[in-house]
Each structure stands twice: as C-alpha cells, then as structure tokens.
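*Asks:* Sequence:
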Amino acid sequence: MSDTTTSSPTTQRRQELPLPVRTWVRLMRVFHRIDRQSSDRFRDLSLSVGRFDVVNHAGLHEGATQQELADALLVTKGNICQLLDSLERDGLLRRQKEGRANRVYLTSTGREIRERAMERHISEISRSMSALDDDEQQTLLTLLRKLERGLDAV
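Last residue of the sequence shown? That's 227 in my numbering, and every number before it is there in order.
No lab work stands behind these hints: they were computed from the structure. Hints are not guaranteed to be accurate.
[Said to hold, decoys possible] Per label pair, the in silico range of CB-to-CB distance:
1) 110 with 173: 36 to 44 Å
2) 211 with 134: 22 to 30 Å
3) 144 with 95: 50 to 58 Å
4) 106 with 173: 16 to 24 Å
5) 99 with 203: 16 to 24 Å
6) 163 with 91: 39 to 47 Å
7) 104 with 211: 16 to 24 Å
[Unchecked claim] Here are the simulated DMTMM-like pairs of lysine to aspartate or glutamate, each with C-alpha atoms no more than 20 Å apart in a straight line:
8) 219 with 208
9) 170 with 141
10) 219 with 209
11) 170 with 192
12) 150 with 117
13) 170 with 185
14) 170 with 158
Backbone N, C-alpha and C define an ideal beta-carbon position, used for all residues, glycine too.
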C-alpha cells in the first residue's frame with residue numbers, strides 16, 4: 074500500500090507540488106506560527122511584532138537614525154515613521170534632530186519594556202526551538218543562510 078492511498082486529499086495535492094514549492098509552503102507555515110506566537114507574547118506589553126522589532130533594535134543601536142532603523146528592519150520610511158510616532162506617543166522612545174536626520178533613543182520606560190520583552194522572547198524562542206537539538210539548529214541556521222545568499226544573488 075502506498076502512502077498516497079492512506080493520505081488525505083489535501084496531503085495528496087500537496088505532494089503533487091514540486092519540492093521547492095512544498096518547501097516554501099512549509100517555511101511559510103512555520104513562519105506564520107512563530108509570528109502568531111510572537112504577537113501573543115507581546116500583547117500585554119502593548120507591543121506588536123513590528124513595535125517590538127523597533128524597540129529592540131533601538132535598544133541595541135542607541136542613536137540610530139530613522140533610515141538606519143528602516144533599512145535594518147526591512148521596512149519603508151513611511152512604515153518606520155508610523156511605528157516611531159506610535160512608540161514616541163506611548164513614551165517608549167524619543168527622537169532627537171541632528172542635522173537632517175532624526176536619531177532614536179529609548180526612554181527609561183522603553184528600556185524597561187525592552188528588557189521584559191527580550192526575557193520573554195528568548196525564553197519562548199528557546200522553548201520553540203527545543204524541538205531541534207543543537208546540531209539540527211546549527212544545520213537549519215546554515216541552510217537558511219545559504220538560502221538567503223541565494224535570494225540575494227537572484
């Protein structure tokens with residue numbers, strides 16, 4: 074008896090797809106689950122995943138410009154501006170004009186929120202990744218880097 078006779082119709086259709094498409098679909102499914110978990114993780118801190126990314130990066134790179142943040146987080150100038158407006162309004166960061174650029178600094182409240190969010194984030198990511206042993210995590214990391222380099226070359 075073959076696997077396809079005992080598989081669901083959805084699984085059978087999926088198996089008919091080329092391997093690169095099946096791999097991409099699985100990668101997207103995992104990403105969306107992680108993204109949903111991240112959203113839930115930060116909700117009580119009034120942080121979306123995007124707001125967390127900005128707070129975290131601003132904490133790691135105090136004084137980064139708005140453009141540097143946008144580039145690092147792979148978002149548009151308009152998107153980073155909206156995120157910064159919201160975070161500034163909530164008292165988590167401040168912008169300081171220097172020449173033609175705005176530099177971004179976390180407030181003491183922003184630093185406290187970042188610390189709480191990072192503790193939670195590291196704990197939850199570690200728990201999620203525990204499905205893979207250290208060697209498997211290293212292999213996955215190597216493969217994802219290789220894929221990323223391949224995408225850069227396209």
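*Asks:* Of the numbered hints stated previously, which ones are contradicted by the structure, given in increasing order?
*Replies:* The structure conflicts with hints 3, 4, 11, 12, 13, although it agrees with all the remaining ones.
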